[in-house]
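Engineer: Sequence:
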Amino acid sequence: PLLANDMHLLMSLPSIWYENHLVCKESVGGGSRNLTGITFPGIPGIVSGHNGSVAWGWTAGFADNQDLFIERLRRGDDADGKVQYQFQGQWLDAQLIEEEIKVKGGEPVIEEVIVTHHGPIINSLAPDLAGEDPLALRWTSHEPDSILEALMEITHARNCIEFREGLRSWSAPNLNVVYADTGGNIAYSYPGKIPIRAAGDGSVPVPGWTGEHEWTGYIPFEELPHQYNPPHGYVASANNRVMGDDYPYEVGREFVSGDRYRRIVELIEARETIDIDYIKRMQFDQVSPTARAMAPYLGQLAVEDPELAAVVEIMRQWDGTLTVDSPAAAVYQVFVRRMHDLLLQDKLDELAGHYRGKGPTPLLQAGSIFGEKAWAWLRELMEEPDSHWFDLGQGEGRDDVMRLALRAAVDFLTAELGPQIDDWAWGKLHTLTYAHMLGSVKPLDKLFNRGPFPMGGDASTIWATGISRLDLSCEDTTGPPFRFIADLGDLRNSWGILVPGQSGQPGSKHYDDQVQAWFEGGYHPMLYDREDVEREAEDSLRLVPEQDD
Numbered sequence: 015p016l017l018a019n020d021m022h023l024l025m026s027l028p029s030i031w032y033e034n035h036l037v038c039k040e041s042v043g044g045g046s047r048n049l050t051g052i053t054f055p056g057i058p059g060i061v062s063g064h065n066g067s068v069a070w071g072w073t074a075g076f077a078d079n080q081d082l083f084i085e086r087l088r089r090g091d092d093a094d095g096k097v098q099y100q101f102q103g104q105w106l107d108a109q110l111i112e113e114e115i116k117v118k119g120g121e122p123v124i125e126e127v128i129v130t131h132h133g134p135i136i137n138s139l140a141p142d143l144a145g146e147d148p149l150a151l152r153w154t155s156h157e158p159d160s161i162l163e164a165l166m167e168i169t170h171a172r173n174c175i176e177f178r179e180g181l182r183s184w185s186a187p188n189l190n191v192v193y194a195d196t197g198g199n200i201a202y203s204y205p206g207k208i209p210i211r212a213a214g215d216g217s218v219p220v221p222g223w224t225g226e227h228e229w230t231g232y233i234p235f236e237e238l239p240h241q242y243n244p245p246h247g248y249v250a251s252a253n254n255r256v257m258g259d260d261y262p263y264e265v266g267r268e269f270v271s272g273d274r275y276r277r278i279v280e281l282i283e284a285r286e287t288i289d290i291d292y293i294k295r296m297q298f299d300q301v302s303p304t305a306r307a308m309a310p311y312l313g314q315l316a317v318e319d320p321e322l323a324a325v326v327e328i329m330r331q332w333d334g335t336l337t338v339d340s341p342a343a344a345v346y347q348v349f350v351r352r353m354h355d356l357l358l359q360d361k362l363d364e365l366a367g368h369y370r371g372k373g374p375t376p377l378l379q380a381g382s383i384f385g386e387k388a389w390a391w392l393r394e395l396m397e398e399p400d401s402h403w404f405d406l407g408q409g410e411g412r413d414d415v416m417r418l419a420l421r422a423a424v425d426f427l428t429a430e431l432g433p434q435i436d437d438w439a440w441g442k443l444h445t446l447t448y449a450h451m452l453g454s455v456k457p458l459d460k461l462f463n464r465g466p467f468p469m470g471g472d473a474s475t476i477w478a479t480g481i482s483r484l485d486l487s488c489e490d491t492t493g494p495p496f497r498f499i500a501d502l503g504d505l506r507n508s509w510g511i512l513v514p515g516q517s518g519q520p521g522s523k524h525y526d527d528q529v530q531a532w533f534e535g536g537y538h539p540m541l542y543d544r545e546d547v548e549r550e551a552e553d554s555l556r557l558v559p560e561q562d563d
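The opening position of the sequence shown corresponds to residue 15 in my numbering, with each subsequent residue numbered one higher.
Hints were generated in silico from the structure; no laboratory data involved. Since the model is a prediction, treat every value here as computed from it, not as a measurement. Note that beta-carbon positions come from the ideal geometry of N, C-alpha and C, so glycine has one too. It cannot be assumed that every hint is accurate.
Said to hold, decoys possible - Label-pair restraints from in silico Cβ distances:
#, residue 1, residue 2, range
1, Tyr-242, Cys-38, 26 to 36 Å
2, Glu-121, Leu-555, 51 to 61 Å
3, Gly-247, Leu-106, 51 to 61 Å
Whole structure, please, built from the sequences with the hints as guidance.
Structural biologist: Now the structure itself:
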């Protein structure tokens with residue numbers, strides 16, 4: 015088998031991941047480990063990679079493992095200020111936690127946290143959205159977990175069956191994991207605790223005092239989605255919904271669109287045989303199925319304005335590939351955002367921004383899953399030219415609104431990039447800056463940050479480079495800091511890219527030496543055999559324990 019993985023996170027400097035080859039003896043049992051892949055501070059072993067027998071990689075699963083409960087609270091008049099909450103006709107004592115936040119040069123700030131059996135009251139995180147009713151967050155991540163135990167188990171696995179068994183104790187977050195072994199087996203699992211609710215589906219806040227919406231347990235491990243050596247010969251996952259409509263449990267509704275999954279399957283099924291080079295090209299593929307579906311609507315639009323007619327013509331010829339130098343890609347990206355403006359702003363008012371992708375809190379301002387929904391919704395809406403959504407108040411239809419949105423898009427691109435269509439490269443609007451925390455202060459940005467770099471693709475392409483669905487000027491980019499491909503037939507033929515580099519020290523040549531490789535497909539070998547490592551070693555450090563007298 016061949017296994018490919020890239021996990022999408024906020025692109026930063028240094029990278030969240032650290033590439034690591036770990037060889038060690040067990041302190042208990044006398045066993046040993048030989049692992050290579052990536053990890054991050056605080057996690058023993060590796061998160062994604064291979065152990066010589068099994069290779070594995072993850073993507074976010076997006077299961078709904080959080081519920082909001084509306085609580086009834088009361089505070090006593092006595093000196094200790096006891097807080098109680100109502101549950102099934104009784105008043106129970108809430109837990110009070112005083113978090114001390116130390117402030118340099120000032121007095122500490124005391125944050126009082128009220129915790130019911132459902133979880134902490136979280137209104138202060140989003141006061142504009144939460145309102146006055148106390149909202150308690152129940153979340154599987156607040157419960158005792160055994161993630162580290164599961165990580166230790168899977169790194170011991172000798173085959174896919176043992177690997178799946180190691181996932182049994184995985185609690186949160188819910189993830190998709192693809193894995194393969196040197197025996198020729200491939201598998202997919204969806205580990206994590208997903209609640210079973212007595213009532214409701216967890217999509218809206220529910221009364222916490224009645225007991226009617228309590229969690230009654232979790233989906234049994236054996237009944238979580240799983241595949242083992244499927245007859246079609248491959249498994250694929252890209253944050254999409256993996257269970258069918260006949261799945262007996264409520265898992266959630268807020269999955270990423272199936273664009274990347276569809277494109278992966280399309281490319282796999284296009285070839286009888288697949289090799290490492292083909293998978294490398296797949297990981298850099300910039301075709302968006304949604305863009306490909308939307309392009310014909312623009313390419314067939316009837317317009318009288320010669321300026322718009324020229325744009326319509328380039329859209330007619332476009333195949334939905336979001337290359338860095340593509341004017342059609344830039345037109346498409348701006349056009350969709352202008353369509354959302356026209357169709358949603360008056361109808362949804364202050365909720366329009368949130369539906370289009372504005373985050374619910376200041377910390378999450380850059381984006382939310384709703385942005386994915388808005389783009390998928392528009393794609394489907396385009397098939398209904400007389401939908402009431404296109405009526406802006408004067409009986410408009412789809413093509414009327416499209417002409418308005420295209421005009422606005424052309425005006426924007428002309429103002430930003432000039433009057434020549436050839437200058438409207440998508441990469442001029444879609445850029446990536448690797449931002450260091452210290453680089454947020456000028457002039458330290460010149461020392462610590464790298465970029466901006468023009469880039470192609472978007473969140474719907476296998477080359478996943480997601481930015482705000484709402485605001486093109488937002489600088490936060492979500493993408494794959496680490497890509498890797500493992501050849502289970504010959505693990506010496508395994509490859510990776512870690513961007514921007516392995517080191518977090520600006521003075522190191524490895525601080526940013528993989529940036530060009532990340533854009534151009536310059537994979538490096540994931541060395542594993544001792545002789546290969548020693549032959550290629552640039553430096554080494556040997557630590558010898560001090561001997562007792």
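Engineer: For each hint given before, does the structure comply? Return the numbers of the non-compliant ones in rising order.
Structural biologist: Of the numbered hints given earlier, the structure breaks just one, which is hint 2.
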